[in-house]
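Chains C and L supply the protein sequences, listed in that same order. All residue numbers for the first sequence refer to the numbering used here, where the first residue is 1 and numbers rise by one. All residue numbers for the second sequence refer to the numbering used here, where the first residue is 1 and numbers rise by one.
Some clues are possibly wrong.
Stated by the list, open to error - Just so you have them, the derived chain C footprint on chain L, three or more residues with Cβ under 8 Å: (1) 159 to 172; (2) 176 to 189.
What the hints assert, rightly or not - Only part of the chain C face toward chain L is listed, based on derived beta-carbon distances under 10 Å: (3) A72; (4) D97; (5) H129.
It is worth saying that the hints were derived from the structure and are not from the lab. Each residue gets a CB set at the ideal place from its N, CA and C atoms; glycine is no exception.
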Amino acid sequence: MTILNINNVVAGYKTANVLQGVSITLSESEIVSVVGRNGVGKSTLVKTIIGLLPARSGQIIFNEKDITSTKANNRAKSGIGYVPQGRGIFPDLTVQDNLRMGGLIGTKQKKLNFDSVFSYFPILKERLHQRGGTLSGGQQEMLAIARALINKPKLLLLDEPSDGVQPSIVEEIGKFLLKLKDTGEITVLLVEQNFDLLQTVSDRAYAMEKGTVSDTLTKEDLNNDETLAAYIAV
Amino acid sequence: METDALALSLTYQFGTNAAFLFLAALGLIVILGMMNIINLAHGELMMMGAYVATITHNQLGLPFPLAVIVSFFAVAVFGAILELLIVRRFYGRELGALVVTWGISLILGQGTLLVFGPFMPAIKIPGGSYSYGGFSYSAYWLILIAISIALIAGLYWLYRYTNYGLQARATMQNAEMAKALGVPTNRVYLLTFSLGAGLAGLSGALLAPTSTIAPFMGQQFVAPAFITVVVGGAANVISGAVGSSVLLSAIKTPIGMAYGAFLGTVALLIASLIIIRIMPDGISAAIQKLMDRRRTRKTK
Ligand SMILES: Nc1ncnc2c1ncn2[C@@H]1O[C@H](COP(=O)(O)OP(=O)(O)OP(=O)(O)O)[C@@H](O)[C@H]1O
Ligand SMILES: [Mg+2]
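Please put together the full structure from these sequences, using the hints given.
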């Protein structure tokens, strides 16, 4: 079943449109990646999906509902988790309060399932009372993922989780994504430039160029370093 | 015996000075400290609270405590209207917000002068006074000290333990991310500004019996309010405001007692300059650094 359908979307900033008619489709419990050089509009696409940027034309259908003009806070409530590039941790909130923020998304005020995210990222449990801003880059990335996950979204948007993160933690994030995939409960849209991570977790990928989808890559294409390099390297 | 009386009086003076600084800063803690809006209408919001209390108490005969509560809500509603109509257009534009709140302060001051004239009959100070060992103590100031402590506890609870408090702190740190986590950030800004205005009104009402009720009475609170909030810093506005009112009062009180109120105020100003020089992000940032070091050590 299709969980996200983006149809010919145009979006961007005050100065100019960045996305010039992007169409992508994700099916349930897939991990689909978006690759492309710096500045082609990958982050812009993710922000348009969560609703931080408005779609100036085209359509966004999530879970069979048209959310094109739904506000970001309500999209989050309807089950989209967002982990921005640069992580977006609240630096002066403790790890616990950062996680609580993720848990407030749902209108239902049931007890938060901290244990479910600690099982993926046990380090967060040790750091529970530290401020988010005092964590290392990799720990912040795990916190941002855990924060998005704690409310059990149907769709997880991950924007360059390997950016500024030490290799051992990139590997850990890869293992986490594979475990997540095994649960079959969540679909992931992964923007990434790290070959290892892309090749470990992606089922397929879209390649972007100058604000449009220029190609679709199969798992075999992704596993071929040279093919992949042609889409990412400058 | 005599030193006992002196120590007691010093403690009392210290308490009143700290309570005054804290109450003067109360609304600004939220509006400048949390929202980073340089609100030059702060004094006029306090004046409004004082006027609402004076009118409801002196003319409508409401008991004073009730009049104070009415002032809180009246000014909070006024603050909400200001936010919706004007202030929300100036978020992220510090200079714009500064000019527009200055304009609001002029309109409020002159408007009050026009409608109510230059003076209002004062509110009688509730409660009597005690004397001990040659020093006298006002019951009302003792109550204000107690109320300040209760307000500190209340604000701490609000921002630490409620969902609104968590969402507000998160929104002030990263509004876009908060939105992406389901927070209706416009509503958070509205509530926060309205709460800050209401608290300014509340402290204006509480301080009304100690002051002359006049259109420009708010001015006397503006400088101490800004000093308290800036010295406190934004890392944790509540601990910052508490820390700075306590510290500044600890400097002002003994010097004021020994050399007179004027030199006490001069000492306070010099101390603020020195503190801001040593801790540019305020007392709360210094406290935070200390806590970070302790917590990080514990987990290693
Ligand atoms: N806030 C902004 N205002 C105006 N233009 C922006 C803004 N953010 C990004 N852009 C521009 O939009 C284009 C696409 O940026 P975007 O961040 O989507 O690229 P990206 O593919 O995510 O790049 P990277 O791999 O470096 O993260 C770039 O040309 C960038 O300069
Ligand atoms: Mg990007």
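If you count the residues of the region 176 to 189 of chain L with a beta-carbon closer than 8 Å to a beta-carbon of chain C, do you get 3 or more? holds (count 10)
Tell me if chain C covers the region 159 to 172 of chain L under the three-residue, 8 Å CB rule, please? Since 5 is at least three, the answer is holds.
Can you verify the interface hint for C:H129: is its Cβ closer than 10 Å to any Cβ in chain L? holds, 6 Å
Should the hint that C:A72 touches chain L count as held when the rule is a Cβ pair under 10 Å? holds, 5 Å
Holds or violated: C:D97 as interface residue toward chain L, Cβ cutoff 10 Å? Constraint on C:D97 satisfied, holds at 6 Å.
Against the hints set out earlier in the document, no violation occurs for any number.
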